[in-house]
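Construct the entire structure; sequences and hints are all you get.
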Amino acid sequence: MKHLLSTEDLSSHNAIRILDTAEEMSAVGDREVKKLPALRGRTVVNLFFEDSTRTRISFEAAAKRLSADVINFAAKGSSVSKGESLKDTAQTLAAMGADAVVIRHWASGAPHRLAATDWIDAAVVNAGDGTHEHPTQALLDAFTMRRHWSTLKGTASTGADLRGMRVAIVGDVLHSRVARSNVWLLRTLGAEVTLVAPPTLLPIGVEHWPCKVSYNLDETLEDGVDAMMMLRVQGERMNASFFPSTREYSRRWGFDDARLRALDDLGLKDTIIMHPGPMNRGLEISSAAADSPRSTVLAQVRNGVSVRMAALYLLLSGDTREAAPTSGPAPSNAAPSNTARSTTAHSNKESN
Amino acid sequence: MTATNGTYLIRGAAILGGEAEDLLIRDGSIAERGTGLSADDATVIEAAGLVALPGMVDVHTHLREPGREDAETVETGTRAAALGGFTAVHAMANSNPVADTAGVVEQVHSLGRASGWVDVRPVGAVTVGLAGEQLAELGAMADSRAQVRMFSDDGICVHDPVLMRRALEYVKAFDGVVAQHAQEPRLTAGAQMNEGAVSAVLGLTGWPAVAEESIIARDVLLAQHVGSRLHVCHVSTAGSVEIIRWAKERGINVTAEVTPHHLLLTDELVRSYDPVFKVNPPLRTNDDVQALRAGLADGTIDVVGTDHAPHPSEHKECEWAQAAMGMTGLETALSVVQETMVETGLMTWADFARVTSTSPAAIGRLTDQGRPLEAGEPANLILVDPAARWTVDPHKMATMGRNSPFKGKELPGTVVATFFKGHPTVLDGQLNTPYRYPGTAGNGNTRASGN
Chain A
1 MKHLLSTEDL
11 SSHNAIRILD
21 TAEEMSAVGD
31 REVKKLPALR
41 GRTVVNLFFE
51 DSTRTRISFE
61 AAAKRLSADV
71 INFAAKGSSV
81 SKGESLKDTA
91 QTLAAMGADA
101 VVIRHWASGA
111 PHRLAATDWI
121 DAAVVNAGDG
131 THEHPTQALL
141 DAFTMRRHWS
151 TLKGTASTGA
161 DLRGMRVAIV
171 GDVLHSRVAR
181 SNVWLLRTLG
191 AEVTLVAPPT
201 LLPIGVEHWP
211 CKVSYNLDET
221 LEDGVDAMMM
231 LRVQGERMNA
241 SFFPSTREYS
251 RRWGFDDARL
261 RALDDLGLKD
271 TIIMHPGPMN
281 RGLEISSAAA
291 DSPRSTVLAQ
301 VRNGVSVRMA
311 ALYLLLSGDT
321 REAAPTSGPA
331 PSNAAPSNTA
341 RSTTAHSNKE
351 SN
Chain B
353 MTATNGTYLI
363 RGAAILGGEA
373 EDLLIRDGSI
383 AERGTGLSAD
393 DATVIEAAGL
403 VALPGMVDVH
413 THLREPGRED
423 AETVETGTRA
433 AALGGFTAVH
443 AMANSNPVAD
453 TAGVVEQVHS
463 LGRASGWVDV
473 RPVGAVTVGL
483 AGEQLAELGA
493 MADSRAQVRM
503 FSDDGICVHD
513 PVLMRRALEY
523 VKAFDGVVAQ
533 HAQEPRLTAG
543 AQMNEGAVSA
553 VLGLTGWPAV
563 AEESIIARDV
573 LLAQHVGSRL
583 HVCHVSTAGS
593 VEIIRWAKER
603 GINVTAEVTP
613 HHLLLTDELV
623 RSYDPVFKVN
633 PPLRTNDDVQ
643 ALRAGLADGT
653 IDVVGTDHAP
663 HPSEHKECEW
673 AQAAMGMTGL
683 ETALSVVQET
693 MVETGLMTWA
703 DFARVTSTSP
713 AAIGRLTDQG
723 RPLEAGEPAN
733 LILVDPAARW
743 TVDPHKMATM
753 GRNSPFKGKE
763 LPGTVVATFF
773 KGHPTVLDGQ
783 LNTPYRYPGT
793 AGNGNTRASG
803 N
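Chains as they are written, first to last, in our numbering: chain A, 1 to 352; chain B, 353 to 803.
Hints listed in this document are in silico derivations from the structure and should not be mistaken for laboratory results.
Note that the coordinates shown come from a computational prediction; the quantities given were computed from them, not determined experimentally.
We treat Cβ as the ideally placed atom computed from N, Cα and C, and that holds for glycine.
Be careful, since some hints might not be right.
Covered stretches of chain B (in silico footprint by chain A; criterion: 3 or more residues with CB under 8 Å from a CB of chain A, positions within the stretch not fixed) [said to hold, decoys possible]:
(1) 544-553
(2) 623-635
If you only want the chain B side, here are some residues facing chain A, beta carbon under 10 Å, derived [to be verified]:
(3) A494
(4) D495
(5) S496
(6) L556
(7) C670
(8) E671
(9) A673
(10) Q674
Here it is, written out as structure tokens:
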């Protein structure tokens, strides 16, 4: 794993490895001195082309707990209109010796461009790109769900996946990088996902995704659900005919007080309510739901630091091998030929 | 290598892919066609194994001059055209200033004649400044020295139905044609790629097929209503092919074009987020590609148009959403059409000549292009080696644009020679010298310097 760009191409092995490492990292957060020396002398750049204080400080805390040097680079606005291109910015960071670039960008695919070009050689971490992906958000969500699911089953979190867990993701799937990253990662971890949204806020082509689709939140609750993930409704959607009014949206797709009570009535006593934040209280989630014991909103924030520590650690520590050998000759094949060669040329040191 | 008297004997070329025959070219025309021809004064070109075709005519080229000479000039673009096997190109109107007056189209026309690599036929804008509000002086452009017959706001759709109706009606006065860029603007606001399974995953704003098809459906009905001639630029969807097929069955006077890239590439390539694959209209699905090939083979789609759109590298070395739309195409068109249409058995070389030369010349009303390879006809023709294979390297092209989506791809077919008005602009696959119009300055025998 050289970069963390998406969950779509994240293997089950690497996903669980990140989550397991995050469990170890979370223990650091509980200590009096919340710091490890793992990335001392390494430089992590937070390159943010879009405002996101929450994600930025989460990555900053993660890097600092690993003793990395952190540079925050706020390059807001379009690169063309601001004069400096992504290429020039990347080359500038490369010249400064960045080891990892954590990039948040309004344009889908911008992290892929950094990773695919020769502009910069650093590890690239996607901290949210346009309406494409937000892999560390999905990983922290999965981390939160896995702890909950393991506790319910009375098993250890480490090494586990989410097989059998029923997850509903509700809201503006069309424009949500959080939803996309969650759909792929939850599939990889074995959870059953249902997307619940108005038809206008589902992408054309969603029928090919590894999940169910519903237009009806109440039916989804009745079918049984273990985690409800409510997505933020962005302000710019409100007057663009995606739905008639915020009140109608809230009635049909918001997690309101009535639906909070419905969880109890349906016997879903262990169902958690998740939100990536920031929340629109009273729109996609009621205050009672957000503040209820079912809510994992603050745990998600806390877990975000652990997951980002794990990602940075695995990308920068060099210990990023897959479990199974993926390239080169297997050791069992290489050994005899080395032996044979050394018997004939042992006194003649080879220098290739 | 250039004979001063302009006499060439092409020996043993397969005419339109048929029997091997000789062609004697003299004084700008085909003097003789037959076997065992000889002429003492001729430069002999041995053409065994080569196919002789009429020079290709592009109905859709962006030469960028005036205004974006950092992207392409008439000189560089027409060199690329000659190397690609073209003897005429239609220069689209979205230059800066826009080609919406007689002055600008005459400028482009003059630049083309000064370059002398191919016949440059300016396309006039339909509306002033491509703004879609007021008709440009179409008659003045038609009457100018450039003799404009094709009008297009290409890049922008003439979406106002009344304006489109008026344009279609008005150009009847001088046998013009309106070439529509079919893209409903409201359905494509901020659109980045074909809307479908891939855009859903990539999180790029979708460009629905219906945005193209709804405009084509409206326009063929308008053309029927007012009895005008309509040309549809760069058709990209299976649905568009069906609508045009339906319109032709009803006798509506519509012609349509497809680009080489839409015959070969699909939106799966966008998964790389490499903006070299960003183009308008966008790359579509494999179902669309197959429908476009079938449509071109059965005549529903009349012509291949390159939509050659060079861009400076900084307009592609950026985020997908920031990148300019467009691909180069002049120097790969023949090979891509051979690969997708000829080698698949969908078309013969005679069909190739129809869709790359005869029909585009007819649409543009070019009387001396797209002619049969017969004695007495103007010598606008090319020699193609269909057995050759080559690997696309944008840095070796004559166009200034490095934005070829075929970079690194191995393709069949090379242009060995291009004859424009009887003069070899390309010989042995290399640029030779431009044609010099009578009475113009310049030495016709000066070999082109590398550029």
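Hint check, B/S496 versus chain A [nearest Cβ-Cβ separation less than 10 Å]: Not OK, violated: B/S496 not within 10 Å of chain A, min 36 Å.
Whether chain A covers the stretch 623-635 of chain B (at least 3 residues having a Cβ closer than 8 Å to its Cβ atoms): holds (count 3)
Chain A contact restraint on B/D495 - CB to CB distance below 10 Å: Status violated, d = 41 Å.
Interface hint outcome for B/A494 [beta carbon to chain A under 10 Å]: Constraint on B/A494 not satisfied, violated at 38 Å.
Restraint outcome when B/A673 is required to lie within 10 Å of chain A by C-beta distance: Holds, about 4 Å.
Status of the hint placing B/C670 at chain A (closest C-beta pair under 10 Å): holds, 6 Å
Satisfaction of the B/E671 interface hint, Cβ to chain A closer than 10 Å: holds, 4 Å
Coverage of the stretch 544-553 of chain B by chain A, judged on three or more residues with CB within 8 Å: holds (count 8)
Residue hint B/Q674, partner chain A, criterion CB-CB below 10 Å: Holds - the Cβ of B/Q674 comes within 10 Å of chain A, reaching about 5 Å at its closest.
Status of the hint placing B/L556 at chain A (closest C-beta pair under 10 Å): holds, 5 Å
Going down the numbered hints, you'll see the structure goes against 3, 4 and 5, while the others check out.
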